[in-house]
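Protein chains in written order, with my numbering: chain E, 196 to 522; chain Y, 9 to 341.
Check each hint, because a few of them may be wrong.
What the hints assert, rightly or not - On the chain Y side, residues computed to face chain E include the following (Cβ under 10 Å):
| # | residue |
| --- | --- |
| 1 | SER124 |
| 2 | GLY129 |
| 3 | HIS137 |
| 4 | PRO139 |
| 5 | GLY167 |
| 6 | HIS172 |
| 7 | ALA174 |
| 8 | SER178 |
| 9 | LEU211 |
| 10 | ALA213 |
It should be emphasised that the hints constitute simulated quantities derived from the structure, not laboratory data. Since we're looking at a predicted model, the values are computed, not measured. Backbone N, C-alpha and C fix where the C-beta goes; we use that ideal spot for every residue, glycine too.
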Amino acid sequence: MAEMRMRDALREALREEMLRDETIFLMGEDIGLYGGSYAVTKGLLEEFGEARVIDTPIAESGIVGAGIGAAMGGLHPMVELMTINFSFLALDQIVNSAAKLHHMSNGQIHVPMVIRMASGGGSQLAATHSHSLEGMYAHFPGLKVVCPSNAADAKGLLKRAFRDQNTVIFIEHTANYAIKGEVPDDPDFLIEFGVANILREGTDVTIVGYGGSVHQATRAAALLEEQEEISAEVIDLRTLQPLDMDTVIASVKKTNRCVIVEDAWRFGGFGGELASQVMERAFDWLDAPVARVACKDVPLPYNRNLEFAALPSEEDVVDAVLGMFKE
Amino acid sequence: MTTETTSPAGTSLGAEQLGKFLYEMMLIRHFEEKCGELYTKGKIRGFLHLYTGQEACAVGSMAALEERDKVVTHYRDHGHALARGLDPNRVMAELFGKATGVSGGRGGSMHLYDVSKGFLGGYAIVAAHLPLAVGLGMASNMKSEGYVTLCVFGDGSVGEGEFHEALNLSVLWNTPTIFFCENNLYGMGVPFHASLSTEIPKLAAAYNMPAVSVDGMDVIAVHEATNKAVDHARSGKGPYFIEAMTYRYRGHSMSDPELYRLKDEVEEHRQRDAIERLKTQMMEAGQLDEARYQEFAERVDQVVDESVEFAERSPQPGIETLYDHLYKEPSDG
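So here's chain Y without its partners, still in its complex pose (with noise of 0.2 Å):
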């Protein structure tokens, strides 16, 4: 007779996956604030919008997808892009600059993409990419590839007509799209009750598709409402929507002073954080202890410093690489 652990209340996840998760969750939060400091150091130039606290949303939701899912995903798309499976040395290196980043340096932060990965980019218009994400959805369909696609963006999009565009037309059009969104409860600076007449979810309903509001910070939560999702879009009954309430720690950019919201707001928050409660839960029912923790965090530790050496030692596109994928010709291939 073998041990068996109880895993946290209502969930089915093993010891393995739940660990998984708190490794991922662990090196997204470290992965940025390496990146915060590299900012400041002037390694890292351009917008840099820091994914601390929202960890539980990339992990949870990317963990539900298979590997011919697409994802598109919004600015702030460091933790999407990791989640997703991305070489997190070609993604600080895509920081950088460089030549070897997984856009060749030509993106920076707000625009990763890995197309191997099925990561067809982070969009920095926003709900710009919405309307993508309806017509991969197309393609989808009009090929019978049976993929889905998983669309993140922020509470800031739902003012934007493309939201709403988007939305009708995956409905009418019936596409396997999963709308994600990451309600931080600030677009910039401003908050989220005086953005919006009413609720995210009640938008999508509206629109006659299914529409859940889940707890951001609790990332089984996060991935049993993807699973729903995902299951829903690619059995052919068309988008689904979800609402993770979240919060971010960091301000909106490395430039925010934050002069929109107290101290004591983001310490309330940070009481919900995810990393810390799937620790005390997998501590609790006997899944983890402080020596594999300790090994998690060395490991994150080595992977985000071989990343910045990486980064580092990586050369510059070359100047005569300018006019490189302008148009796409035939001899491209």
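So here's chain E without its partners, still in its complex pose (with noise of 0.2 Å):
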């Protein structure tokens, strides 16, 4: 065990995928010289030089369509594109090829290549640099979506992402890279996809999050229990497909009551699927109607008191559990 940040332990995960497995090779946009944008690939180039390091041009649909070539010829290609909100351009590639030509082959082809992207607003990068995806890309059958909350599950879960033979969508919310913690050294530590974790116990109420939304979460319960004395469960779900809905219905019948924290839009999110499966498997154990504490449906304003005003905050989800105990 190592104390490290989330974009080390990422570090830590590729070089020893790499080191692993010589068909994984990395391309992306100043993934080389530049150390990547969130200095995730730094000293990579250095150390497994330009055949397996590729800085490309500003070419999103093209280089995740020459990934799936790639992985369609047999490398498993993980192709980094800097962030989410450019990931629109690709989307045709992602949505219509790789998330689909296993399928439309009858198994004879098969995509296994990483697709990297940060995520996230709360930085004041204005609406067009601000998009939280990743019940877009759950959406789609075939893709599989990890969204890691923590340093130790960055890493597990990324070299779980190169030992499958699908494409997997790797969405590190950009809060979350600075956020220290205690990471396994060990080479074969993987976290299997669709294994929800449980972060904190509790009986009152199961608080639902992923990704970036996961800390408003366990900051709320934290409060709850200072000053309410109500104890929640928070439950980080780390991929959103495969979704392990199991843990959170286990965690809902105990509690019965459920609040889905999510740093996407609330119209149309994956919070609206996570709501809908618990009153589908769990609607007798409900004490409230599950809440939904999501992003206002506006685009993220650049200034700050407005952008905090849109998206969820720790008081939203400490009010979102009060209402659930008011008569």
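Dock chain one against chain two, each of which comes alone in its own frame, and use the hints as you go.
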């Protein structure tokens, strides 16, 4: 175990996997000489050379498409799109080719590829650079969607992503990059997909989050305990596809209340899917309607006060929980 | 002393090879006409884009490839599949949506795959497969496998960003990619001259790759151009671009009322017909007689009829297979 930031844990995962499997190579925007926009790939060009760490032009569709072709040719590419905001430009390749080729070809072709991207708002980057699209990617059958909330998970999940034979959309919330944590140094440390993590046990309410929103959930749980003597269980989904709903349902059956927290827009968001499944599977156990705490349905403004008003906060989570205890 | 026949001017291809070209073009023509017929009978559904008129492009280009090479193409893909040697029975079965189809009935007309033949698919989003061809080239280079990728697309692709991204990346990364543009003068119903402000080979040349334009209704010219391209790509010199000037006789798809062109124009292009042209050339060179031509026609009839029978009697995919191949599992091998 060593203490490190999430960005360092991600780099460790890339290094270890590249050492393990020589079919793995990295390509993306500014991942080489620049060291990655969030410094995740720093030093890897020097270590592995330009044949395996490839700086690409700014051509999202082209490089994701090339990644798909390389995967079809027997390699295991990691494509870094800098941020999730730019992945819109590669959406056709991701949705129509990476997600569908295995099925459409009746199992003849598969696309083992990891696409990494940074996501989330809260940095005053304004509307075009602050998206949270984890739920959108989880919408498409054929993709796997991973969104770690801490350093150890980031390492174990990214290493696991390279052991998968399908395309994995690996989404890193920018607020998580600098968070430090204890990270195992065992090269076989993997975290299985579809296994949610109970970060904090509780008895009165289940708070579900993923990626960045896990932190609002845990801070809210601490406040609820200190100020209201409400015991909240916090679940980090870790992966949205596959989705570990069993853990959520078991928790809700224990606590009888559920609050979903996400950075994405509320309308049509992944939280709606979660709420729906809780309703379908645990309706009789619920003492209150499932609550959703999400981003207000507006493009994120640049102004700090406006942006913070739009994004979900721990106070919003606390309010949602308290609302469930009012008669 | 044996009697030698003279091949059509300028080609070193023998009677056997040319006969093969003629047969394959006739097969594709008849297969496509049959598909049109079956569509009106409701046996084939969905979108159906027929390849009649463009046969020389598929036949001439595929013949330049080796077995290890890869092919990615657009959604008007039956001709390429047949020219690449995919089983006509299984291609027809796919159009019928049957379990025995090359894509198990999941792909349909626009998404034919046969990995065992290096045929990595028909792609139905215009220009989407061009970057894939570059990636396959990266894999060929990195793994020193020596294969080239033939990437076939239409003139409608050149307005897409992916066309430009792929051409640029292929030169930057020196991939063994043959970009083969079938210019049939229409992107669906929009005339080519209304789609592009320049000429296609100039675009490719601007990205610093060799680019030629050939008569896509002349199978020999197509073949020779592709041979050169394959030699270039396989020898490590990077990508190569071919524009083949061709014409589709039928509408864009079966639902096209063809309001954008006159019947006279179609007739005019039929005068350039690749099959008639090669047949005449071979007859004049003494490489073909009427009897042999009839033999080809009968064989083609037989193969197409058999493919329809095979498709008819093949089973539907089971409903229980709906979720098959959604994700590749370690147990899939």
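Checking each numbered hint in turn, tell me which of them this model violates, lowest number first. Failing hints, ascending: 5, 9, 10.
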